[in-house]
Structures are given as structure tokens and as C-alpha cells.
Amino acid sequence: MKVALTTTGSNLSDPLEPRFGRAPKFLVYDLDSDTFMVLDNNKNLNAVQGAGIQSADTIARIGASALITGHCGPKAFRVLSAAGVKVYASSARTVEEAIDLFRQGKLNETQSADVEGHWV
Amino acid sequence: MIIAIASGKGGTGKTTLSVNLALAAHEPIQLLDCDVEAPNAHLFLNPFVIESTVVHVPIPVVDESACDGCGECGRMCEYHAIVSFGSVPLVFPEMCHGCGGCMRVCPRHAISEKGHRIGEVHVSTVGHITLIEGKIDVGIAMAPPLIRAVKSRLSASVPVLLDAPPGTSCPVIASIRDADFVILVTEPTAFGLHDLSLAVDMTRALHRPFAVVVNRMGIGDDRVHRFCREEGIRILAEIPDDRRIAEAYSEGRSIVDAIPAYRGLFHSILNQIGIVSLSL
Chain S
2 MKVALTTTGS NLSDPLEPRF GRAPKFLVYD LDSDTFMVLD NNKNLNAVQG AGIQSADTIA
62 RIGASALITG HCGPKAFRVL SAAGVKVYAS SARTVEEAID LFRQGKLNET QSADVEGHWV
Chain V
8 MIIAIASGKG GTGKTTLSVN LALAAHEPIQ LLDCDVEAPN AHLFLNPFVI ESTVVHVPIP
68 VVDESACDGC GECGRMCEYH AIVSFGSVPL VFPEMCHGCG GCMRVCPRHA ISEKGHRIGE
128 VHVSTVGHIT LIEGKIDVGI AMAPPLIRAV KSRLSASVPV LLDAPPGTSC PVIASIRDAD
188 FVILVTEPTA FGLHDLSLAV DMTRALHRPF AVVVNRMGIG DDRVHRFCRE EGIRILAEIP
248 DDRRIAEAYS EGRSIVDAIP AYRGLFHSIL NQIGIVSLSL
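The listed protein sequences correspond, in order, to chains S and V.
Sequential numbering from 2 applies to the first sequence in the numbering used here.
Sequential numbering from 8 applies to the second sequence in the numbering used here.
Keep in mind the hints are simulated off the structure, nothing from the lab.
No experiment lies behind these values; they were computed from the predicted model shown.
Careful: at least some of the hints might be erroneous.
What the hints assert, rightly or not - In silico lysine to any residue, SDA-like type, Cα no more than 20 Å apart, as pairs: (1) S/K26 - S/V49; (2) S/K44 - S/K107; (3) S/K44 - S/E110; (4) S/K44 - V/Y86; (5) S/K87 - S/S66; (6) S/K87 - S/K44; (7) S/K87 - V/E85; (8) S/K107 - S/A83; (9) S/K87 - S/V49; (10) S/K87 - V/S94; (11) S/K87 - S/S14; (12) S/K44 - V/E85; (13) V/K121 - V/S131; (14) S/K3 - V/K158; (15) S/K87 - S/E110; (16) V/K121 - V/E44; (17) S/K44 - V/E245; (18) V/K142 - V/M83; (19) V/K158 - V/G93; (20) S/K44 - S/D33; (21) S/K3 - S/V49; (22) S/K44 - V/E44; (23) V/K142 - V/E44; (24) S/K3 - S/V116; (25) S/K44 - V/K142; (26) S/K87 - V/F92; (27) S/K87 - S/N43.
Stated by the list, open to error - Quick partial rundown of chain V residues pointing at chain S, CB under 8 Å, derived from the structure: (28) N53; (29) F55; (30) F99; (31) M102; (32) C106; (33) M110; (34) H135; (35) I136.
Stated by the list, open to error - Over 10 Å on every C-beta distance to chain S, these chain V residues come out as not near it, computed from the model: (36) M8; (37) E34; (38) G81; (39) Y86; (40) H87.
Backbone N, C-alpha and C define an ideal beta-carbon position, used for all residues, glycine too.
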């Protein structure tokens, strides 16, 4: 099972980024093999609009079945739900910490967007 | 002939100038309120609305039985208004610019369009003025299609004064891009100059001839005048920072009506931009 996390860096010890759509990077962690890859999200970081939708699209295409991030807006949440990606909100300090909490079942699945959408 | 009144900074007096120029004109004139998110020219004119039209933008509708989830629509959409991953696409009407591209690239012809309401256009008359005003619906964020609907109502044979929205982004560009002349209203302050310089860059990028009107003359300093001198920009007029103007404004009255001594100032601007006014 692959879990995607938002981050500012490229390592497990780097901070968990609270923003989803405009997160600088996505770290995709494979819980079965304990390996990970990092995707750059610069394109959406600087997008005029639709960053959440496009980021959700990226997460869905990479084959992640869960997303751990700080906050998720309504449009991104709708895309993630349609793609069957479960969203978990976490205020963990680092990516590693968030993965540990997730493994221990300590993160709650988010049932709806928890922040307002941005006007175009 | 279209004369657009723009500013960069909000609250510099675009509507005040537009309304007073329209009232001071001595020939039939069309006043276009393109500030569709906050149209307010009507407050000073008390017009009788003779025609209201609902404006829609086309948004995609997907025929689920015909869609095979190929995702072509989502790949072509620059605004992420439609997304698909091997399933029936999701549509985000608020992101859609109504270009129809998704419908064209769909290999299965599964996409058609339906109208998505964004606002209304009101046409009214007051004396020699025809007011054409756009009013966007609450919750709609995309002004340019409504601005284009306002502009589509104008008659080419009657001069136009176009009251543009503030700022320098899409709604302003949609408003002024085909203007024959642009008047940039500013105030002689640091904020005024900052936003004026952005508006000047925008107007130059659109290759529109333009000049400046300085409002609230007497506050601030001479930085706007220095900027205009250095850049070779003509100042058409200066409107003084006069408390009587603010009082008239607060009562919904025009300057030319409340303080007749100012009529000459607006006539002089009209003469400079080629609209017939009373002789001075």
C-alpha cells in the first residue's frame, strides 16, 4: 500500500507540509517494501488556480491509496474521493512521524474538506 | 469610440469621473459599468431599468453512457475544470472558462454543454445617458464573460464611457482591451503612484493610448506628477480634494449637479478626449 505525504523536503526527517494543493513536494511511501520516492510539485506551487485539483490528480495517478497532509480543500477532496484516495489530516512535525502515527492507526480519516476553497 | 476609465488602485474615483463625464456630455452617450462585482454607477443616476438579461457561460455535461474514461478532456483543460482518471470525469463549473475545448477533444462525443448562470446585464436610460451595467451573482468569481456580455450590448454609433473594475488583472483587461483611449484615475499618494505604475504597465502592454486624471489633489505630495513628467504621460485634469465633493457623493449626488462650478472641469476633459460638451 502506498501513502502520499506533503512535504517541503526529500527525506523522511523533513517537515510535513500543512498545505496540500500547493505543497512543494509529495513523498510517496510504500508500506510493504519500506521504500519511498519524492515527486516535485513546483508546477502547482505556482499555478494560478486549480492547484488542489491537479495535485489530487497527481496523487490518484501515482497509485496512492491514502494521503496524509495538514489540510485539504473542497475541490481536491472531491477529486480524491472520486479516485478512492482516503485523506488523513495530521499535524505531525515530520514525514516519518506521520507515517508512524498512520501505521499505529492513530490518524483519523477526514470525511470532508476542512478548509475553504479559494476563489479562482 | 470607447473611452475606458481605469485605475489600478480601487477607490480613486473611476465611477465618480465616469458618471460626471456622462452627465456633462452634450450628446447621447453610453455609460458601461464593467465593475460587475460592485456596480455602482446607478446609485448616482437613479435609472429606470428597461431591460434585464440573464448571462450564462457554457459548462460541460458528460454523457456517462458514452464516456470511456480516456481522460482527454482533463488533459486539455488548462484550468482543471474537468478531471478524469479512467472513470466518468468530474466537472468543476466554477473553474470553467467556457472554451468548449473538452467537448471538441472528446473522441466519444460524450460531452455537451449547458448554461451556467453567472449574472445579469441591466440596460437603462436617464436623459441622454444609456447605462449598461453588469451584475455578477453572489458566489461567482469569473467576471470576464459577464464583462464581455455588457460590452456586447453597446451600440457602435454612440460614444462610450466605460467604468472599469479596479486592479490590473483579467476583469480589467477584458474591459479595456479594445478601448480607443484609457483614462487612468489616481491620487497623489504613495499608494496611488504604486498602483498607477502597474496600471500604466498594463495599458502599455495592451497598446492603448492613455492619460491620467489626478483626483483628491491637495492630499499627499507631488510624486505622481513627477512620475508622469518622467514617463511623458499627459495629465488631463486634477480634481481637488474638496469636502463638498465627498458630501455630495455620500448623498448619492453627482458633482456636476451638486457643485455646478466643477462643470467646466468635466467639460474640459470631454473636449480633450473628443466627446462633444457644452462650450466653455
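If you draw a straight line from the CA of S/K87 to the CA of S/V49, is it 20 Å or shorter? violated, 26 Å
Against chain S, is V/H135 within 8 Å by beta-carbon distance? violated, 38 Å
20 Å limit on alpha-carbon distance, applied to hinted pair S/K3 and S/V49: This hinted pair is violated, its Cα atoms lying about 29 Å apart.
Closer than 8 Å between Cβ atoms is the bar; does V/I136 clear it against chain S? Give me holds or violated. For V/I136, the interface hint is violated, since the closest Cβ of chain S sits about 33 Å away, which is over 8 Å.
Are the Cα positions of V/K121 and V/E44 separated by 20 Å at most? Status violated; Cα separation ~23 Å.
Pair hint S/K87 and S/S14, alpha-carbon separation not exceeding 20 Å: Since the Cα atoms of S/K87 and S/S14 sit roughly 23 Å apart, the hinted pair is violated (cutoff 20 Å).
CA of S/K87 to CA of S/K44, is that 20 Å or under? violated, 23 Å
Sort out whether S/N43 lies within 20 Å of S/K87, counting only the CA atoms. violated, 23 Å
Next pair to validate is S/K107 with S/A83; report whether the Cα-Cα distance is within 20 Å. violated, 24 Å
Next pair to validate is S/K44 with V/E44; report whether the Cα-Cα distance is within 20 Å. violated, 30 Å
Hey, S/K44 versus V/E85, does the alpha-carbon distance stay inside 20 Å? holds, 12 Å
Taking 20 Å as the top limit, are the C-alpha atoms of V/K158 and V/G93 close enough? violated, 41 Å
Hints 2, 3, 6, 7, 8, 9, 11, 13, 14, 16, 17, 18, 19, 20, 21, 22, 24, 25, 27, 28, 29, 32, 33, 34, 35, 38, 39 and 40, counting from the list given before, are not met by this structure.
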